[in-house]
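Protein sequence lines, in the order shown, are assigned to chains V and R. This note's numbering puts the first sequence at residues 1 to 568. This note's numbering puts the second sequence at residues 1 to 101.
No lab work stands behind these hints, which were simulated from the structure alone. Heads up, some of the hints might be wrong.
For lysine-lysine, the following DSS-like pairs were computed, each having C-alpha atoms within a straight-line distance of at most 27 Å [unchecked claim]:
{"hint": "1", "chain 1": "R", "residue 1": "Lys87", "chain 2": "V", "residue 2": "Lys306"}
{"hint": "2", "chain 1": "V", "residue 1": "Lys97", "chain 2": "V", "residue 2": "Lys121"}
{"hint": "3", "chain 1": "R", "residue 1": "Lys13", "chain 2": "V", "residue 2": "Lys306"}
{"hint": "4", "chain 1": "V", "residue 1": "Lys244", "chain 2": "R", "residue 2": "Lys4"}
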Amino acid sequence: MLESRALTVLIADDTDSDRLILEAIVKKEGHQVISVDNGIKAVAAYQEHHPDLVLLDALMPVMDGFEAARQIKVLAGEDLVPVIFLTSLADTDSLVKCLEAGGDDFLSKPYSRVILKAKIKAFSRMREMHQMVQLQRDQIAQHNSHLMREQEVAKQIFDKIAHTGSMNAPNVRYSLSPLAIFNGDVIVAAVRPSGSMMVLLGDFTGHGLPAAIGSMPLSSIFYGMVGKGYSMVDILREINQKLKQILPVGVFCCATIVDMNFSKRKIKIWNGGLPDCYIHRLDSGAVDTVRSTHLPLGVLNDANFKDDCEQVEMNPGDRLYLWSDGIIESRNKHGEMFGEERLKQLFENNAQADTVFERILDAVHEYSDGQRDDDLSLIELTMADPGQLPDTRQEYTTSRYGGLQEWSMTLELKTSTLKLFDPLPLLLNILVEVPGLRSHSGTLYTLLAELYSNALEHGVLRLPSSWKTTSEGFERYYQERQKRMDALSAGFIRFDMEHQTQGAGGVLTIRVTDSGDGFEHVKNINNGHRLEAYSGRGIALIRSLSHSLRYLGNGNQVEVTFVWDADD
Amino acid sequence: MSIKSHLSEVEQKLTISISGRFDFSAHQEFRNAYESLPVAPSQFVVDLDGANYLDSSALGMLLLLRDHAGGNSADIEIVNCSPDVKKILTISNFEQLFTIR
C-alpha cells in the first residue's frame, strides 16, 4: 500500500528539541530519518541521500530554510521533492515567502502529530503520482522516437519500391509529403514497353501503418506489370483483387490511374473515388474534368469490379492534374475548406499554364497557414511529343521485360491423347504468357474451343453437322460422338501457333490441322446459316471474334489470325 | 458443370440454373431439365449466373429448348450472363430469339 511505504525523510532544524520531537513522530510512522541542523548540511544531505520528503525549518544559522529549499529544488530538477517548511512564523508574508522559495507546504509549530502524518501521506501520494507521470512520459517519448525510426526505415524501403519508375521524367511534376506513406498516399509512375506512361495516385483510407501497408503490394504489382507490358485494365484488376484480399473491410484505396499515350496524344483514365481530375488545355485555357465513376480499389471482388475507362484526347502542352482530397479539404484557421471553387479559380485567373502547379501548392499552403501540408498529394502530367522524353524503357526491355514476345510452337495430339486430354487449358496458358493477350483470354478460349471441337467432331470423328437439324438428330450426334470417341483408333489434331509483335500489339496465328477428310470449303464457305439453325454457329463465332479465318488444303486445315493492340 | 431446375407451381415457370462450363457435355442433363415434366411450363428462365463459359453447342441446346417451348411463341429469358457469355450470345444475335437480361 502507498501509505505504508517507508520513506526517507530529511529533517533540518537548528532547535534540538524540535528536531527530536519531529524525528520521533516521523520514525514512529515507520519512515527513515536523516537529521541536520542547518541549510548547508540539508543541501549536502539531500545530494547524498535523495530523500523522498524534506522538512525544513525556515530560520536556521549558516543557511536558512528558504535558500536551502531553492537549492534543493534546483538539484531535484524535474523530480518532485516535496519541501515542507517548519515555522513558528504566523504572519502572511512569511508564509508566502516559504512557498515562493519553492516550498510546497508549511507546518506550524508546535507540531500536530496528526497533521504531520496526514501531510506526509498526502505528499507521498503526490510524489508517487508525479513519478508515474514522468515514467509514462519517458515511455511515450521512447516509443515515439522508436516509431519515427521505424517510419524512416520503412520509408527507405518504400522509396526503393515506389520510386524506381519514371517519377523524374520531365513531363511529370508531383508533390507528396515526406512521410506520405504514413498518411496513406502513394504515387507510382512507369513507362510501358510500348512507350506510353502509366501513373497511379492512390489514397488509402485511414492513416498510419494500416494505410501504409497496402501501398507496398500496390507498388510492386504496378511496377512489375507495367514493365511487362500488361494492359491498364489487367493491372487495375490485379491491384484491386490483391487489395480486396489483404485489406480489412473498411480499408480501401481511392485511386486514379492514367495511361498516357504520347504517340496517339490521348489518355486512358480510370478514377475510383478521388476528386475530379482536371485537364488544362494549353490553347484555350479551358479546364475539362474527369469524374470518379467507380468504387475505390479493394472494395469489390473481381467479378463485380468495373474496369471501363475514359479516353480523352490531349494535345502537346495540355496538362493533367491529379490530386488527393487533401487539397480540397485543407482548412483555414476558421475550419473552412479550401474547396473546389478556389481550386478552379487558380486555373481561370492564370494564363501561364506552367505556373499552375506552384500556384496550387502556394495557395493551399497560404490558405491553411502551413497547418496540414502533409496531406497534400498533387501530380501534374504534361502531354509531350514522344521524342521529347528520354527513353526509360530500355531498363525494362533488357532486365525486366518478361513474358513471351515472338514465338511459334506446334502441338500435335495423337489418338490416345485425344481420347483423354483436354488441350485447351494448356494452350490458353501459353497464350496468356504474352502479356498483351491476357486480357483477351475469354475470346481466345472460345476461338480455341470452337476450332478444337470442329477439328475433333467433323475432322477426326467425321460427324456430319447436318445431323443436328432436329432435336433427335442433335441427340444422336452427341451419342455418336461419345461412341466414336471410345472406338477411336487413329487420328490426330495439330495446333500450329505463332505470335509476332506489331506496333504496340501483335498478331497471333492459330492453324489447326486434323486427320479428317476435309470438306469442300470453297463451295461452303459463304453459305450463311439461318439464325435458328442448330449447327454452323461455331464458324460464325470464330469469324466474329477473329481478324480472319480461312480454310487451307482440302479443308482439313483452318487458319485464324487474331490481332491485338495494347492501346485499345 | 451442374444443372439444377425448379418449377414454380403458381406461375408454371421453369428456372434452369447452369454452373460451370455450358458445353456439349451438359446436353443430356439440360434436356432432362425441361423434357421430363408432368406439366408443360408456360415460361422459361435460363440462369447462367454460375456459368463461366458457353460454346457453340450450348447455343444449339438453347435453340432446342426454344423449339420445345413453342418456337416463335416461346417465352424464354436468359439471365445473369457474365460479360464473356453475353458477348458470345450477342455475336450470335441471340437477343433476337431470347430475352437476355
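*Given the hint that V:Lys97 pairs with V:Lys121, does the C-alpha gap stay at or below 27 Å?*
holds (24 Å)
*Given the hint that V:Lys244 pairs with R:Lys4, does the C-alpha gap stay at or below 27 Å?*
violated (31 Å)
*asked:* So if I understand the rule, the pair passes when the alpha-carbon distance is 27 Å or less; does R:Lys13 with V:Lys306 pass?
replied: violated (32 Å)
*Given the hinted pair R:Lys87 and V:Lys306, is their alpha-carbon gap at most 27 Å?*
holds (16 Å)
Hint compliance for this structure: hints 3 and 4 are not met, and every other hint is.
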